[in-house]
Each structure stands twice: as structure tokens, then as C-alpha cells.
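These protein sequence lines are chains A and B, in that order.
According to my numbering, the first sequence is numbered sequentially starting from 415.
According to my numbering, the second sequence is numbered sequentially starting from 17.
Derived, one-sided and incomplete: chain B residues facing chain A with beta-carbon distance under 7 Å:
id: 1; residue: Q69
id: 2; residue: L89
id: 3; residue: I97
Derived from the structure by calculation, the hints contain no laboratory data.
None of the values given here were measured: they were computed from a predicted structure.
Heads up, the beta-carbon is just placed ideally off N, CA and C, and yes, glycines get one too.
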Amino acid sequence: MYRYALLRLGDPDSAADAVQEALLAGIRGRGEYRGEAQERTWLIGILRHKVVDAIRKRRRGAVGGLDEQSEPEQFRNGWFKEEPAVWNVLPQSPAERGELRDLLVSCLESLPDTMRQALCLREIDGLQSAEVCKILDITPTNLWTLVHRAKLRMRDDLSRRWFGEHR
Amino acid sequence: MIRWLKTVWYVLTLRCEEADRLRSLDENTTRAQRVGEVMHRTLCKSCRRAKKQTQILSRLLANLDESASGVRLDGAARARIASAIDAENNL
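Only chain B is shown next, with the shape it has when bound in the complex:
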């Protein structure tokens, strides 16, 4: 009974920061946390927007093509790596 009341209290008193934290890693959340997050979000416009932002950010990160950006090894590092590869090939 006390456990049930604690769960209801948690769901009813959940604030944006905790709801946002719950959304940031969806693994290992308890049922009470999931229910609390959904209920809070239903009533909170800021959290609906924050969830949308988190979803888009996750998608952008998962599809990030790092190889296409312009950062390159500097000349000295390139030369060092090339000579290490030469040495390895000559072994």
C-alpha cells in the first residue's frame, strides 16, 4: 500500500527536469517513471517540445557522417604514420 502510494506521489509530483532526464536515456526506467513521464508530458507543453528536440537530436547524432567534415591530420602526423606503416610493411 505504501509502495503504491509512493508511486502515485512520484507520478503526480514529477517535474520537467526529472521528466527530461528520464527521456535522455530510455533504458532501465521503471514503470512508475515511464507512466510519470507520459502523464507529465501530456500536461506540459515545454516537455512535449523538449521530447521532440531530443528525438530529432538522437536521429541527427545516429546519422552523423563524421567522415565528411573537413578535419585532416596535419603533415607531421601523416609523415609519422606513413613511416610507421612502411616500417611495419618492411618487417
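The shape of chain A in the complex, shown without the other chains:
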């Protein structure tokens, strides 16, 4: 639960607060738990609401200094500067899968707050774009740019740190 909150809020204290609020809400609402999902899944559902509340409180339309007009460094005049690497080596053993998972988390952590939140809510939590825009208080164009830039950075990081080494 802490890991989930920390990745989205980016701050250990806020993440611990969200976990505490979710656990207390879980205790208060335990009568509503019908055993249809695992307890952990049910608690993560509560935690997601707490995390979203915390993000909403902190955000008021700021997009984290994102300059939508500037060209990402991977492009020159709209064309790729270099051909993206071929990704064809996916992990086979559990140890490798764990290594890749830790690397993914570390790449996510290195993203600016708004980018990370947009990517987590959209791609990991699977929320619809309209919902993510409401939570982050941004326009659909902002979201599109944020997700695109976040994916570009993640792809670059993974190309360098995983697919480069394991090629």
C-alpha cells in the first residue's frame, strides 16, 4: 500500500498519511467488505481514493513547468534524431523480471511529479483520460503531452538501462 501511494504522491510523509487514512477508512467501513475481492485489493481501492484526494488538494491546474511548445530532445524538426533501439529481449527468469520491475519503478520515480501521476493514473490504474484530467485539473491536451513526454523518457531510460545492456 505504501509503495502504491509513494509512487503516485512522490513524498514519503504524504504517502504514509494516505496509507493511514485508507487503513482507518477500511476499519470504519469493514462492514461493507463483502469478501468478493481480496482484502488487499479492497484496501488498495480505498487507498486509490485517498491518493486521488491528496493529489487534488495539491494541484490546481499546474502542469509542473511543462513547456508544450518545446520539442522533446529525441526529435529534430519533428523527426527522430536517432532510430529508437530494438526492444526484443524480455526477461525470462524471475530474477530478471524482478530486476526489470525495479528498473521500471526507478524510471517512474525519476519523472517529474505531474508526469508520473498522469502516467500512473492512466497506464497503471487504467483510468479514462477524462477522469485523469479532472483529478490533475489539466486539459486533455496537457494530459496528452504529459503522457507522451513521460513515455518518451521511460523508453529512453529503458533502452539505455535494460535493453541496451541485455541486447
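Here the structure of chain A is known, so what remains is to put chain B in place on it, guided by the hints.
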């Protein structure tokens, strides 16, 4: 007619950055954008690789098991949460 010409112009002049941006969120794209992206990708090796990367990244993120990573609450936060739970249970 002008609208049609604008669409054809958009499809023919689409560059990698815009095509890559279109692939990053596949909701709410127009037909012209989708056609433009496919046509561009057919002719562009970099975009074919970029699309593959985006697909793999999306799959990795959707299946990311965050609970398995080693980050833990520190002792003070644990104690604070435990005492809040105790207080709640004693109400």
C-alpha cells in the same frame, strides 16, 4: 473540398513527433490522425520501432506489481499508523 484537402495535407506532412504523440494516447484521435499515423509508420522505420517500444512499455506498466518492490514504511510512520489504528479500534 477545403476540409478534404486539409486532411490529405495533414496525412502527407505528418512527422515522427506528432505520430509518436498520437500513439501515446489512442483515445479521441480523429480518423485523419489515425490514417496519418498508419501511413507515416508504414514508411518510417523509426516509428515502427517506437510503436513497438510504446506497446511493450504499456504492457509492462499495466502488469507492474508494485507490491513486490522492497520499499517499506519507516519505523516512526509504522508506529504512528499502529497507534491511530489502536485508537480507532478502542473507540
